[in-house]
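Enquirer: Protein chains in written order, with my numbering: chain A, 1 to 111; chain B, 1001 to 1116.
Calculated directly from the structure, the hints in this document are not laboratory data.
Take the hints with a grain of salt, since some may be wrong.
Derived lysine-lysine pairs resembling DSS-like cross-links, with alpha carbons at most 27 Å apart [to be verified]:
1. A:52 <-> A:3
2. A:103 <-> B:1057
3. A:69 <-> A:3
4. A:52 <-> A:106
5. A:3 <-> B:1057
6. A:52 <-> A:103
No experiment lies behind these values; they were computed from the predicted model shown.
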Amino acid sequence: DAKTTQPTSMDCAEGRAANLPCNHSTISGNEYVYWYRQIHSQGPQYIIHGLKNNETNEMASLIITEDRKSSTLILPHATLRDTAVYYCIVRSGAGSYQLTFGKGTKLSVIP
Amino acid sequence: GAGVSQSPSNKVTEKGKDVELRCDPISGHTALYWYRQRLGQGLEFLIYFQGNSAPDKSGLPSDRFSAERTGESVSTLTIQRTQQEDSAVYLCASSGRDGSSGNTIYFGEGSWLTVV
Chain A
1 DAKTTQPTSM DCAEGRAANL PCNHSTISGN EYVYWYRQIH SQGPQYIIHG
51 LKNNETNEMA SLIITEDRKS STLILPHATL RDTAVYYCIV RSGAGSYQLT
101 FGKGTKLSVI P
Chain B
1001 GAGVSQSPSN KVTEKGKDVE LRCDPISGHT ALYWYRQRLG QGLEFLIYFQ
1051 GNSAPDKSGL PSDRFSAERT GESVSTLTIQ RTQQEDSAVY LCASSGRDGS
1101 SGNTIYFGEG SWLTVV
């Protein structure tokens, strides 16, 4: 699976959009980009995933650049409960269930 | 059920005792996974079930660890003769078809194991 790079931490004001970037410059054509988050002492929560097109669900939007070398997770109206560590991962192939979370981005939503 | 359910949520056991951790995947999900996460560390893959068979057990750290799945539903992870280094949160997850990259993996809240 391709390696991902994320900023270590970010702050966002409550009610504003949180934009979390992820670089995956070595991504290949059949690799999906997945986002999870983990709030302290809880299991990882799935947020969204995509292959080529931008995606939106009730939690977030995922913007993937045309060359697919980077993506941005957007939480449109961040709340205090969105404070968590956010992980961007790339998955491909038959063994892609062996998930590896890197350091992720620690998002702090500030009142 | 609506999500992956795990029990117990917390378990404190004495070194040398056996423990069983239970996982109830999302209804209809044929693929089931166990992971381990030590405090402040990343995920460690343990085992993957497709239906009732386990095509990938490569992450089980020793022969003290075993897992089974019955009825293409509930799975049990058993740790025999627990050691202090087994202390971690054990996460179960499931996905709809198989482990391929297009199938989203959903996690439970985990079973926190403390070996004293």
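Enquirer: Work down the list of hints and note, for each, if the structure agrees.
Expert: Structure-based check of each hint:
A threshold of 27 Å between alpha carbons decides the hint, and for residue 52 (chain A) with residue 3 (chain A) the separation of about 17 Å falls inside it, so the pair holds. Taking the CA atoms of residue 103 (chain A) and residue 1057 (chain B), the gap is about 25 Å. The hint holds against a cut of 27 Å. Our distance criterion of 27 Å between C-alpha atoms is met by residue 69 (chain A) and residue 3 (chain A), whose separation comes to about 11 Å. Of the supplied pair hints, the one linking residue 52 (chain A) and residue 106 (chain A) holds, its CA atoms being roughly 26 Å apart against a limit of 27 Å.
A threshold of 27 Å between alpha carbons decides the hint, and for residue 3 (chain A) with residue 1057 (chain B) the separation of about 24 Å falls inside it, so the pair holds. The straight-line distance between the Cα atoms of residue 52 (chain A) and residue 103 (chain A) is roughly 24 Å, inside the 27 Å bound, and the hint therefore holds.
Violated hints: none; the structure is consistent with every hint.
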